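Asker: Sequence:
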Amino acid sequence: MNDSTLSRRRFLGQSTQAASAATLASMGMLGLTGAAHAAVSDYKAIVCLFLAGGNDGANMVVPLDTVRYSQYGQLRGAAGLALSGAGLMPARRSPLLAASAAASVAGDQPFAFNAALAPLDRWYGQGKVAVMLNIGNLRRPLTKAEYLAGGKAPGELFSHPDQQGQANAGLGAGSATGWGGRLMDTLGVARALDAVAVGTGGQFVQGVSTSANLVPESGGLSLNGFNFWPQTEADERLKALQKVLTADSGHRLANAANKSLADGIALANTLKTAATGSLAATFPSTSLGAQLKTTAQLIAAHAKLGAGRQVYYVSLGGFDTHGGQAWQHADLLSQLSAAVDAFQTTITAAGLDRSVTLFTASEFGRTLGPNATGTDHGWGSLSLVLGGAVKGGLYGEFPDFTLGGPDDASGRGVWIPRLGFQQLGATLGRWFGVSASALSTQVFPAELDLFPVKDLGFMG
15 MNDSTLSRRR
25 FLGQSTQAAS
35 AATLASMGML
45 GLTGAAHAAV
55 SDYKAIVCLF
65 LAGGNDGANM
75 VVPLDTVRYS
85 QYGQLRGAAG
95 LALSGAGLMP
105 ARRSPLLAAS
115 AAASVAGDQP
125 FAFNAALAPL
135 DRWYGQGKVA
145 VMLNIGNLRR
155 PLTKAEYLAG
165 GKAPGELFSH
175 PDQQGQANAG
185 LGAGSATGWG
195 GRLMDTLGVA
205 RALDAVAVGT
215 GGQFVQGVST
225 SANLVPESGG
235 LSLNGFNFWP
245 QTEADERLKA
255 LQKVLTADSG
265 HRLANAANKS
275 LADGIALANT
285 LKTAATGSLA
295 ATFPSTSLGA
305 QLKTTAQLIA
315 AHAKLGAGRQ
325 VYYVSLGGFD
335 THGGQAWQHA
345 DLLSQLSAAV
355 DAFQTTITAA
365 GLDRSVTLFT
375 ASEFGRTLGP
385 NATGTDHGWG
395 SLSLVLGGAV
405 KGGLYGEFPD
415 FTLGGPDDAS
425 GRGVWIPRLG
435 FQQLGATLGR
445 WFGVSASALS
455 TQVFPAELDL
465 FPVKDLGFMG
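Per our numbering, the very first residue in the sequence shown carries number 15; after that it's consecutive.
These are computed hints drawn from the structure, not numbers from a lab.
There may be inaccurate statements among the hints.
[Claimed, not checked] Quick list of the computed label-pair ranges, beta carbon to beta carbon:
{"#": "1", "residue 1": "267", "residue 2": "318", "range": "19 to 29 Å"}
{"#": "2", "residue 1": "190", "residue 2": "244", "range": "31 to 41 Å"}
{"#": "3", "residue 1": "459", "residue 2": "81", "range": "33 to 43 Å"}
[To be verified] The calculated DMTMM-like cross-link candidates involving lysine to aspartate or glutamate, where the alpha carbons are at most 20 Å apart (straight line), are:
{"#": "4", "residue 1": "166", "residue 2": "463"}
{"#": "5", "residue 1": "405", "residue 2": "469"}
{"#": "6", "residue 1": "158", "residue 2": "345"}
{"#": "7", "residue 1": "158", "residue 2": "411"}
{"#": "8", "residue 1": "166", "residue 2": "461"}
{"#": "9", "residue 1": "405", "residue 2": "390"}
{"#": "10", "residue 1": "405", "residue 2": "176"}
None of the values given here were measured: they were computed from a predicted structure.
Glycine is no exception: its CB is placed at the ideal position from the N, C-alpha and C atoms.
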């Protein structure tokens, strides 16, 4: 070992050893993306809000038609899970829009949002929320008879990790990448931080050629040991570190590690700049509130740079409600609605509401039939889509609430989805600017073309 090697190691140790492992790990996940290979003329962003654990859609939006609401109350009332009175927002009516080839219910469908979703009910009243009914992981449209005969259902149903992977992939056959990342693949990536997971890693934003970025939910990254007094000496130390990181060490692994850290330092400045902007709303002091605050700040900063595309992933866990669901689910939905309300208020005030669309997803729904004070793993659930470009309303159909009926895969209220995540993704993809052929061959290969309705029509 020569003196120069020892000096370099000593310098790096002195200058970076104080940095926390979490900060360096976050920096290591940040990568500067490549040059654009497709042009877009405006700015748009898609935000995936993943509800991890299996969200109970049946207590998120409740049908109020006489038959279903009676069945719902009979099944869930004894367990204390049925919503009524103050537990529901005032009734609304919407036509079941032609989103599925199986749609058969005529006239307006009465329904109500869970009272914990009051802020989202207000956005619905402005025509900015679309509800995807009975949506889930599918490989192709599937009837109960086909399912029972061994039709091509997604593998490993009711498994959290497998179904989360499929939901993020947007493919019932699964994939190592996410459909948000693959949307970016087809359009090209022009800037850093175009595919961002906030707080925790998200497969949704990982593409084939698009590298996902992970940033802390606080949005802040920094190197400890570079802000001491006098600042001029701290700046000189940073300059010296940057010279070391840009020098060719002659070793590929060392060069790659140095580049990763250098990219992280550069992107930390981007995050710091984004965090200085004012916000039109006060975000709640929750994990999801922090994630969506950072997302709103990054969107505002990048929208100022001009035309481009971005995809984001944020998440809220705790939806595996096998017990104590009555209070747990209400608390989770309150967190959800408060954070999303602040996000949409901020985006709208910034004049970006028609440029940014947020949607919710979960790995599966839950059984309509209760399990003591909770529910078990189900299949079909619902997704909400929110934004200024959204055509609000109900899309698809509520399932038949008859246990053992035509939509029930198990006799406990495990709904076979009538809409697939491919259809949701393709509809957002067309709005994003991706061609129909690219959606079929690159984003949702071998599966999207099996659905007779590819565009659900909820985007203007």
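Asker: Determine for every hint whether it applies to the structure shown.
Answerer: Here is what the structure says about each hint:
Between residue 267 and residue 318, the C-beta spacing of about 37 Å breaks the proposed range 19 to 29 Å. At roughly 49 Å, the beta-carbon separation of residue 190 and residue 244 lies outside the given 31 to 41 Å, and the hint is violated. Here the CB-CB span from residue 459 to residue 81 is close to 40 Å, well matched to the stated 33 to 43 Å. Between residue 166 and residue 463, the direct Cα distance comes to roughly 15 Å. Compliance with the 20 Å bound is thereby established for this hinted pair.
About 13 Å separates the Cα atoms of residue 405 and residue 469, which keeps this hinted pair within 20 Å; it holds. At most 20 Å may separate the alpha-carbon atoms for a hinted pair to count; residue 158 and residue 345 exceed this at roughly 34 Å. Proposed proximity of residue 158 and residue 411 is supported: the alpha carbons are some 16 Å apart, at most 20 Å. A C-alpha spacing of about 11 Å is found between residue 166 and residue 461, which places the hinted pair at or below 20 Å, so the restraint holds.
Proposed proximity of residue 405 and residue 390 is contradicted: the alpha carbons are some 33 Å apart, above 20 Å. For the given pair, residue 405 sits about 32 Å from residue 176 by alpha-carbon distance, which is inconsistent with the 20 Å threshold.
Hint violations for this structure: numbers 1, 2, 6, 9 and 10, all remaining hints satisfied.
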